[in-house]
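Chemist: Protein chains in written order, with the working numbering: chain E, 1 to 323; chain S, 324 to 534.
No wet-lab data here; the hints were simulated from the structure.
Careful, some of the hints might be misleading.
Derived pair list, reagent style DSS-like, types lysine-lysine, alpha-carbon separation capped at 30 angstroms [what the hints assert, rightly or not]:
| hint | chain 1 | residue 1 | chain 2 | residue 2 |
| --- | --- | --- | --- | --- |
| 1 | E | K174 | E | K247 |
| 2 | E | K174 | E | K184 |
| 3 | S | K441 | E | K247 |
| 4 | S | K482 | E | K184 |
| 5 | S | K482 | E | K174 |
| 6 | E | K174 | E | K251 |
| 7 | E | K251 | E | K184 |
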Amino acid sequence: MTYQDALDRALGLANHPAALEAFLDTVPAWRGDLEQAVGVSRYLGRELRAIAPGEPARLRSQQQLMATVSRMATVQAESPIASATKMSSLLTLPRILIAGATAGALLAFAVVVDVPSLGGGGTPTAEAEVIEGSVSAVGPDGVTINTSDASRVVRLSSNAVLTDSFGNTVEASKLSAGQDVVLKGSNSGNEFVANQVELRDRLFGVVTAMASDSIHLSSSKGNFTIFVTPETEFEGVVAVGSFVEVKLVRKSDGTLLALEIEVEDEDEGDDDHEGGDDRSGPSESSGPSGDTGDDDNDSNDDGGDDSVDDDVDDSHDDADDDD
Amino acid sequence: MLPFEDESRLIARGERDLARPWSGGAVETSVDTVDEAALVTRLAAFDADAWSAIFDRYFTSIFRLAYVRTRHHSTAEDIAAQTFAEAASGIRRYRYRGVPFRAWLYRIARNLTSDHLKAERRRPHVSLSETQAIETPATEPESRFDFLAAVDDLTDDQKTVVILRLVEGYSLAEVAAIIGKSVGAVKQLQFRGVATLQQRMSPDQVEGLGR
Chain E
1 MTYQDALDRA
11 LGLANHPAAL
21 EAFLDTVPAW
31 RGDLEQAVGV
41 SRYLGRELRA
51 IAPGEPARLR
61 SQQQLMATVS
71 RMATVQAESP
81 IASATKMSSL
91 LTLPRILIAG
101 ATAGALLAFA
111 VVVDVPSLGG
121 GGTPTAEAEV
131 IEGSVSAVGP
141 DGVTINTSDA
151 SRVVRLSSNA
161 VLTDSFGNTV
171 EASKLSAGQD
181 VVLKGSNSGN
191 EFVANQVELR
201 DRLFGVVTAM
211 ASDSIHLSSS
221 KGNFTIFVTP
231 ETEFEGVVAV
241 GSFVEVKLVR
251 KSDGTLLALE
261 IEVEDEDEGD
271 DDHEGGDDRS
281 GPSESSGPSG
291 DTGDDDNDSN
301 DDGGDDSVDD
311 DVDDSHDDAD
321 DDD
Chain S
324 MLPFEDESRL
334 IARGERDLAR
344 PWSGGAVETS
354 VDTVDEAALV
364 TRLAAFDADA
374 WSAIFDRYFT
384 SIFRLAYVRT
394 RHHSTAEDIA
404 AQTFAEAASG
414 IRRYRYRGVP
424 FRAWLYRIAR
434 NLTSDHLKAE
444 RRRPHVSLSE
454 TQAIETPATE
464 PESRFDFLAA
474 VDDLTDDQKT
484 VVILRLVEGY
494 SLAEVAAIIG
504 KSVGAVKQLQ
514 FRGVATLQQR
524 MSPDQVEGLG
534 R
């Protein structure tokens with residue numbers, strides 16, 4: 001038994017004094033250290049369990065969740081955006097999703113509020129704007145876009161055009177949660193109306209091989225060959241074994257072309273992209289297809305995250321845990 | 324083998340307390356014992372009661388995890404709220420393949436927190452003391468030992484492991500699933516995290532806690 005195993009066993013018996021004592025008797029050389037560790041863990045657990053969110057925030061969050069659940073249920077019932085006709089039906093929303101960001105928080109909680117009718121408030125002025133973000137929901141009220149600092153619902157104009165990054169027209173059904181998008185349109189009062197939607201994709205994974213014009217990527221979505229061009233932007237030095245984020249487009253012939261390849265440093269990559277697809281929200285590292293989990297709820301599909309963590313030793317990667 | 328098979332066996336034998344030795348005897352809701360597939364089916368059908376139960380069971384826990392990493396009360400609340408909104412938006416794409424829903428939920432929270440921290444690092448620096456002056460949580464307990472300062476010395480992974488293991492009482496395998504590492508890696512992170520905390524405490528403090 002290693003010390004780590006003994007520690008884990010002792011921590012597991014922290015609430016069972018008799019069993020803990022019996023166990024410590026079997027590892028006399030480590031008794032002192034283990035007793036201290038158990039003490040620390042008891043103290044830490046007790047203190048941290050006392051930290052709780054405020055009740056107003058809890059209520060607000062619960063209301064937000066229920067609103068989302070209700071909205072998604074409606075979307076599900078209506079089989080969202082199955083056609084362009086459905087897209088134009090999004091024009092009817094009188095509400096807008098705004099972000100309630102806190103002072104230091106980039107991530108925002110979204111609350112649905114009523115927006116006064118535009119009809120009685122004077123003539124809205126059109127203002128050209130581009131919004132870049134990730135789709136978090138598609139619903140009858142519009143498409144919810146999480147940008148880097150906010151979340152909002154946008155309407156799609158009746159003649160909105162959806163394209164990939166090459167300008168090829170794509171079907172409206174491609175617009176789904178998790179999809180990175182660039183929307184071009186204009187503000188009309190408190191609403192943003194998009195008339196052009198560009199879909200963008202991203203992948204996260206480990207570079208398994210490199211060629212002069214491509215890299216091979218092992219990701220949670222599978223293994224891919226991604227072509228690079230002189231226009232491909234690089235952040236960091238890509239090497240075999242690098243954990244990277246690739247912004248890409250899929251050409252009409254199915255090949256993938258990298259627009260940008262960002263090498264994640266060990267610290268950040270370790271934190272940011274394990275199960276990096278397990279979200280559909282404001283992440284700048286959202287997965288390419290939704291990614292609150294589709295194929296990513298498998299703990300073993302992280303594309304080698306363990307390998308980028310020098311802090312850990314996987315030599316004890318066994319199946320036994322705390323019993 | 325399912326990653327939580329060992330825990331499941333214990334629970335099946337009515338030995339939940341042994342499976343969750345650090346749960347402090349907290350009453351487990353039905354969410355914990357309900358069949359996973361049935362739960363996911365209900366969630367995917369946007370069953371409000373199921374979502375409400377999930378929220379009640381995990382909101383505080385997810386908040387706590389985010390708070391320890393961000394040390395910012397309202398940010399942690401936002402992240403916790405966002406986690407559930409993201410989960411509801413994405414539940415239709417969740418497929419149970421051995422990783423329970425709650426692990427998936429924690430992974431969303433963890434990734435949102437990582438995104439927040441990454442974004443914060445890129446923004447103009449605001450001193451922690453200034454932030455804390457504004458955001459000191461009313462519910463944060465006063466402590467004779469500044470354990471949060473000690474926790475700050477842990478890496479993000481160590482913090483996550485410490486919270487999930489020592490506070491929430493998850494098994495090594497479950498924590499491994501949440502953070503996407505091996506059981507051995509989690510064991511190592513736990514070891515280093517606890518060792519760091521021990522080093523931050525004086526011998527007298529540790530001695531006083533040992534019993």
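Chemist: Within 30 angstroms, alpha carbon to alpha carbon, are K174 (chain E) and K184 (chain E)?
Modeler: Holds, because 17 angstroms separates the two Cα atoms, which is no more than 30 angstroms.
Chemist: Does K174 (chain E) lie within 30 angstroms of K482 (chain S) when you go C-alpha to C-alpha?
Modeler: violated, 38 angstroms
Chemist: CA of K174 (chain E) to CA of K247 (chain E), is that 30 angstroms or under?
Modeler: holds, 17 angstroms
Chemist: Below or equal to 30 angstroms on CA atoms is what counts here, so check K482 (chain S) against K184 (chain E).
Modeler: Distance of about 41 angstroms is beyond 30 angstroms: violated.
Chemist: Verify the proposed pairing of K441 (chain S) with K247 (chain E), using a straight-line Cα cut of 30 angstroms.
Modeler: Judged against 30 angstroms, a Cα distance of about 18 angstroms means the pair holds.
Chemist: Mind checking the alpha carbons of K174 (chain E) and K251 (chain E) for me, to see if they're no more than 30 angstroms apart?
Modeler: holds, 15 angstroms
Chemist: Between K251 (chain E) and K184 (chain E), is the straight-line Cα distance small enough, at 30 angstroms or below?
Modeler: holds, 21 angstroms
When held up to the earlier numbered hints, the structure conflicts with 4 and 5 and fits the remainder.
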